[in-house]
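Engineer: Here's the letter readout for the chains.
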Amino acid sequence: MKRIYLSIILLSAVLVSCASVDLNAPIPSFDTGVDPDSWALIPAGPFLEGQHDHPALIDYDYQMMVTGVTVAQYMDFLNIALVDGSLKIDGEQIVGFYPGDQFRAVKHEIEITATDYIFVPLNDPASRFTFDGFTFSVIPGYENHPMTNVSWFGAWGYCGYYAFSLPSELEWEKAARGSADNRPFPWGDEIARNNANFYTSRDPFEEMSSFGSRTSPVGFYNGNTYDGYVTLDSASPYGLYDMAGNVWQWTGDVYEGQHYRYMRGGSKDTYDMDLRIWVRNNATPTYYSPGVGFRCARNP
Amino acid sequence: MAKRLGFLFRSTKGLILVAIAMIGLETAIFGMLSGPLAELGVRDFVVRFLKMDLVQAEREGRIIILYHSIAMAVVAIETYMITSLLKMKEFYKLAVRVLITVGYILTMIFGMGFAYWGHNWILHGLYITGLSLIFFAGVLLVIALWPWNKEYYQPDKAYSRTKKGLDMERVAFFAAALTTVLSALFGAVPGSYFGNGFETFLAENIIRVPEKSVLDLSIIGHLHIMLALIAIMITLIVGRWLNFKGILHKIAMPLMILGTVVLNLGVWGVVTPLEPIAHMIIYVGATPSMLAALMLVIFTWDKLIREGIAGIQKPNGWQKLKALLRDPLRFGPMWQMVFMNFTTSFLGIFMAVRLDEIFRVWPAHEERIELTGHWHVLSAIIATIILLYYGDMIGLKGKLRQVYGWSIIILSDLAFGSVTIFEMKRLFITEATQQPLVNTLMLLMDIGLGLLLVVLAMMMIWRLLDLFRKKGRWTEEVDHELSEEVSK
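Heads up: the sequence lines are chains Y and R, in that order. Be aware that the first sequence starts at 3, since it is given in the numbering used here, and climbs by one per residue. Be aware that the second sequence starts at 37, since it is given in the numbering used here, and climbs by one per residue.
Simulated from the structure, these hints should not be mistaken for lab results. A portion of the hints provided could be inaccurate.
What the hints assert, rightly or not - Here are a few chain R residues that face chain Y, going by a calculated C-beta distance under 8 Å: (1) D89; (2) A93; (3) G233; (4) R244; (5) P246; (6) R396; (7) V397; (8) P399; (9) T466; (10) A468; (11) T469.
For clarity, every value in this text was computed on a predicted model and none was experimentally measured. Each residue gets a CB set at the ideal place from its N, CA and C atoms; glycine is no exception.
Let the sequences and hints guide you as you build the complete structure.
Structural biologist: So this is what it looks like as structure tokens:
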């Protein structure tokens with residue numbers, strides 16, 4: 003009899019693990035009041051970089067987007083760029099030209115030649131947009147969510163199209179930490195569940211028994227209360243939101259002898275330790291994921 | 037009271053019991069700070085309740101001290117076993133045990149005190165003192181194991197020996213002990229630079245940095261080789277316990293010696309101009325070591341089957357299988373070694389073969405999951421082998437022996453198998469649809485490891501209660517040496 007019970011338990015576990023995930027499950031819609039078109043000024047000056055507080059200096063002013071690029075913003079870009087010929091459809095993906103990197107044949111380095119590369123995949127069920135052959139549209143409810151399932155080339159291409167750039171890792175870090183102290187998180191020394199969207203942070207967008215974590219609208223953690231869910235104001239010292247959690251953010255550095263591109267900030271899919279300002283992640287530039295997005299920087 | 041303290045701190049089985057209890061206690065307390073218990077909010081409660089002082093930037097340093105303190109207790113257990121199984125001068129045996137016992141206890145208590153309760157540098161000094169004592173114990177152990185002393189020559193031709201009688205098994209123990217001491221320096225040298233410009237890091241976090249410093253490489257080499265040597269040593273210990281001998285022993289011991297030496301040369305080579313071919317040397321060294329372990333597995337399982345079918349005229353396959361599985365405490369260590377290949381060795385080879393499709397494409401954090409899981413499983417498998425041997429050591433019999441042994445095997449393999457699937461999940465499931473699978477795997481891991489800890493806790497409570505009995509089991513264990521209990 004005990005064996006039957008054990009078999010039933012194991013079979014149930016297997017069946018539960020094979021359950022399909024409804025990627026289009028209804029998502030709550032909230033207006034955060036934070037404008038995704040706004041920019042924050044990061045003044046020139048010294049700051050403490052990295053886990054071990056190395057003195058660093060950025061000797062120029064620059065601006066960074068207050069939030070990550072949203073799905074709506076990226077759809078506008080795709081629709082314009084597809085029409086003007088900057089981008090094209092190549093099978094199951096949207097591609098754009100990248101001029102290539104210098105190849106040094108360092109161990110493990112993969113050559114990035116001058117050619118077309120994927121910006122976003124088409125027909126990926128995890129993407130938050132649709133394409134009818136002519137026009138890109140946002141899946142309703144995701145307009146103010148961060149753009150995801152976008153490759154490094156796709157992020158680089160977006161920023162470049164508007165004469166912006168991806169922030170360097172150093173620029174990103176200063177924007178997240180500020181220059182006054184060595185805080186590990188953009189808002190301070192400790193992290194609470196309602197500071198950011200991270201793994202099992204119990205935000206209104208996650209359901210760990212089925213689809214798991216989902217993105218939250220950009221600027222969601224701004225001290226507002228949404229349907230009873232109280233957030234803490236988690237802006238960085240320069241007023242940037244989502245510099246920890248929600249989605250990893252591509253940065254712009256191309257390092258000598260590496261094809262990898264670096265990401266910062268942690269995401270909805272990582273534990274709180276990965277939301278610390280200095281934590282890095284990286285992947286090949288064609289990589290895309292429902293947990294990776296970006297924001298741009300520009301000269302003032 | 038004095039008798040009980042004498043048992044705990046002077047007898048082999050008492051010393052092993054104390055070290056297992058210390059590891060169990062540390063695992064139970066600090067295991068609550070991560071994984072599902074952190075998700076459930078238990079971590080926050082524990083931190084508040086125990087008044088821990090956890091600075092975010094010091095997480096990596098804390099973990100390094102945690103790993104070291106657990107590893108030192110495991111090294112102490114192996115040392116107790118070696119000094120009880122192998123012949124050596126009484127002075128060395130006593131000196132090694134005193135040094136390593138004081139050393140690992142200082143390391144555990146003051147290391148964890150420093151790491152988790154504010155940075156009191158006196159505690160750090162005591163932690164380093166503990167590590168240093170363990171190092172000196174290792175040096176003394178190497179001297180004690182010197183195999184070219186004719187007193188220790190092997191007279192029995194059933195065992196691996198040279199024509200003159202040099203005991204090749206003792207040479208294997210000696211080689212493992214000597215290289216362990218030397219490889220400890222590999223970590224100690226960079227460690228001495230901490231605070232002088234060299235910064236704390238976890239190896240899995242810098243795996244993709246193309247230009248690593250000599251000190252970085254040294255640390256990476258250190259952690260790999262120390263774990264490999266702990267694994268080699270437990271293989272030799274189990275072989276002695278199960279009285280490994282015969283033709284397989286004669287082949288296995290030279291292979292083990294060769295493997296140990298070459299493996300170490302490969303790892304040490306990472307900080308020399310040999311670095312480009314160091315991995316190749318490591319593969320060359322690992323192969324004979326693993327072959328030697330395979331021979332031990334074949335020997336033991338063959339022996340178990342032969343013993344189990346004794347008296348049966350023409351045993352069939354089912355009877356042979358029953359014979360093989362009838363004693364989980366002797367079957368288990370070998371099975372865990374075989375199982376290790378599915379969870380770590382084969383997995384590592386598979387990843388290496390498909391490097392361009394996996395690690396060149398996957399994000400670094402996926403690679404980190406694989407690497408971290410890989411060595412956690414390897415460490416935990418070594419721990420389960422120790423627990424299985426301990427079960428035999430304390431004379432578990434009958435149903436209790438079956439329940440204890442099979443619980444350890446099944447629960448740990450359930451957890452390790454789930455960890456392995458978790459590491460590999462990106463090969464067969466997308467990020468967007470993985471959550472139900474992740475939930476199931478996490479549940480299985482937690483059930484496996486959680487219940488395993490419950491089994492361990494029950495045994496520890498039983499041993500604790502036994503200490504209150506005037507004529508408890510402890511009184512029978514006071515004078516026993518493991519060499520007296522080697523399998524026939």
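Engineer: Honestly, which of those hints from before does the structure not fit?
Structural biologist: 1, 3
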